[in-house]
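Asks: Sequence:
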Amino acid sequence: MFDNLSDKLESVFKKLRGQGVMTEDNIKDALREVRLALLEADVNFKVVKDFVENVRLKAVGTEVMQSLAPGQQVVRIVHDELINLMGGDQDNSLDLAAKPPVVLMLVGLQGAGKTTTCGKLGSWLRKQKRRPLLVPADVYRPAAIEQLKTVGRQLNIDVFDSQTGQEPVDICSAAVRFAELNGFDTVLLDTAGRHQIDDYLMSELERIKAVAQPREILFVADAMTGQEAVTVASGFNDRLGITGVILSKLDGDAKGGAALSIKAVTGAPVKFVGLGEKLDALEVFHPDRLVSRILGMGDVLTLVEKAQSALDEKETERLTQKLKKNQFDLEDFLAQLQQLKKLGSLESIMGMIPGMGKMMKQMQGAQPSEKEMKRIEAIIRSMTPAERADHGIINGSRRLRIAKGSGTTVQEINLLLKRFTEAQKMMKQLSKMGPKNLMKGMGGLPGLGNLGGLGKGMFPFGR
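Numbering (UniProt numbering), first residue to last: 1 to 463.
Keep in mind that the hints were calculated from the coordinates and are not lab data.
Warning: the hint list may mix true and false statements.
[To be verified] SDA-like, lysine to any residue: derived pairs with alpha carbons at most 20 Å apart: (1) Lys46 <-> His286; (2) Lys49 <-> Ile83; (3) Lys99 <-> Arg130; (4) Lys127 <-> His286; (5) Lys49 <-> Asp80; (6) Lys28 <-> Glu10; (7) Lys127 <-> Leu94; (8) Lys404 <-> Met426; (9) Lys58 <-> Arg35; (10) Lys14 <-> Lys99.
Assemble the whole structure, with the sequences as input and the hints as a guide.
Replies: Below, the structure is given as structure tokens:
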């Protein structure tokens with residue numbers, strides 16, 4: 001979503017870093033380009049104006065003008081101001097400090113992803129050792145109630161049994177009483193949306209607020225709608241007093257201006273971001289981490305957190321030991337692929353590693369794709385256990401059978417086995433050089449592409 005903005009800011013910063021002496025004219029020219037980049041990213045024009053002025057006032061200070069690396073100082077100022085713009089100085093944690101059940105009310109326009117977000121938030125709350133109850137209160141949209149019940153079944157989270165003939169206010173009131181009697185400590189109200197703000201909708205939401213007494217009113221905004229999301233959020237805030245924002249579809253390909261504007265316009269912090277269709281694709285929003293991604297600095301902390309929650313520590317240790325002993329086979333490689341998939345798409349993983357996002361753009365076509373990952377997985381799954389343990393026994397007839405079973409060609413089987421054999425030889429050499437070189441060599445394994453700088457061409461397809 002922020003690729004275009006990242007490229008333009010990187011271009012501005014490159015020019016700044018090349019300046020031996022920083023003058024007011026240099027800064028003025030750079031900020032003009034920053035302003036245009038932000039406006040093109042669909043950031044609110046008033047927000048852009050204030051942002052650029054704040055950066056200018058700090059950038060023309062004596063400390064910056066006389067520093068040894070003035071260009072780098074300006075980059076730091078832009079970095080810090082972007083964090084402030086998105087609420088870096090404000091507590092954006094979910095407020096659950098109240099007598100149970102704590103009521104969280106989700107509001108927003110139709111199509112913003114409220115129902116799916118309700119399920120995602122329920123899943124996140126359960127990981128925090130809470131017992132959530134999902135409440136479908138949208139009686140207008142066809143199948144909305146059934147959709148949330150389906151989401152609840154998929155996540156194994158309880159859903160309040162509401163019906164389309166009931167009044168939304170009555171549903172919410174009954175759900176809160178039900179939660180009190182049955183030991184649920186958190187209630188998530190999935191309210192009705194509209195295609196645009198209208199008095200009837202707002203009046204209904206105001207009545208629900210009065211009855212349910214929500215601790216948090218969370219506005220679910222579609223990040224792909226840009227400035228429209230900010231305008232709508234302001235309308236909801238004026239009538240309901242929203243306490244936080246959840247940005248859905250932040251993994252899309254829109255300009256992303258809503259993420260940079262919504263806090264400054266409404267005053268409500270962004271608390272969560274949705275980064276995919278899967279029901280666990282909801283992350284706590286960290287302004288500093290998003291700014292680091294936008295400025296091409298990566299997001300190592302999020303990557304580490306993902307790894308800690310998704311990867312099997314014992315399995316990772318087992319694979320590491322096999323690598324050191326040069327006993328890594330195709331069965332282990334398949335297990336490694338499964339572990340890697342738990343972290344998300346390869347593109348998102350590489351974007352969190354400092355410098356790798358930019359490198360991937362420069363190496364278009366050289367990095368492995370999701371399609372290639374699936375194809376390699378299909379090939380390995382078409383092998384027998386004996387073939388995975390010792391690929392040396394895979395003769396011509398076996399290769400033909402594997403190709404038919406995986407929907408690939410014999411040539412592709414040959415190429416994968418060739419690359420895997422080369423990788424094994426490389427690992428054998430690196431295992432004699434110590435653990436640091438061993439980790440660098442991980443890039444030579446098929447499926448880990450260019451991670452270690454040695455993997456170019458190791459992925460057999462799409463070359």
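Asks: Each hint: holds or not?
Replies: We went through each hint and held it up to the structure:
Between Lys46 and His286, the direct Cα distance comes to roughly 23 Å. Violation of the 20 Å bound is thereby established for this hinted pair. Restraint check for Lys49 and Ile83: satisfied, since their Cα atoms lie roughly 16 Å apart, inside the 20 Å limit. In summary, the hint linking Lys99 to Arg130 is supported, as the alpha carbons are separated by about 13 Å, within the 20 Å threshold. Restraint check for Lys127 and His286: satisfied, since their Cα atoms lie roughly 18 Å apart, inside the 20 Å limit.
Note on Lys49 and Asp80: the hinted pairing holds, with a Cα-Cα distance of about 16 Å set against a maximum of 20 Å. A hinted pair counts as satisfied when its Cα atoms are at most 20 Å apart, and Lys28 with Glu10 qualifies at roughly 17 Å. Between Lys127 and Leu94, the direct Cα distance comes to roughly 14 Å. Compliance with the 20 Å bound is thereby established for this hinted pair. Restraint check: the Cα-Cα separation between Lys404 and Met426 comes to about 30 Å, which exceeds 20 Å; the hinted pair is violated.
As the CA atoms of Lys58 and Arg35 are separated by approximately 16 Å, the hinted pair is consistent with the 20 Å bound. Under the criterion of a C-alpha separation no larger than 20 Å, the hint pairing Lys14 with Lys99 is inconsistent with the structure, at around 53 Å.
Violation of the numbered hints given earlier is confined to hints 1, 8, 10; the remaining hints are satisfied by the structure.
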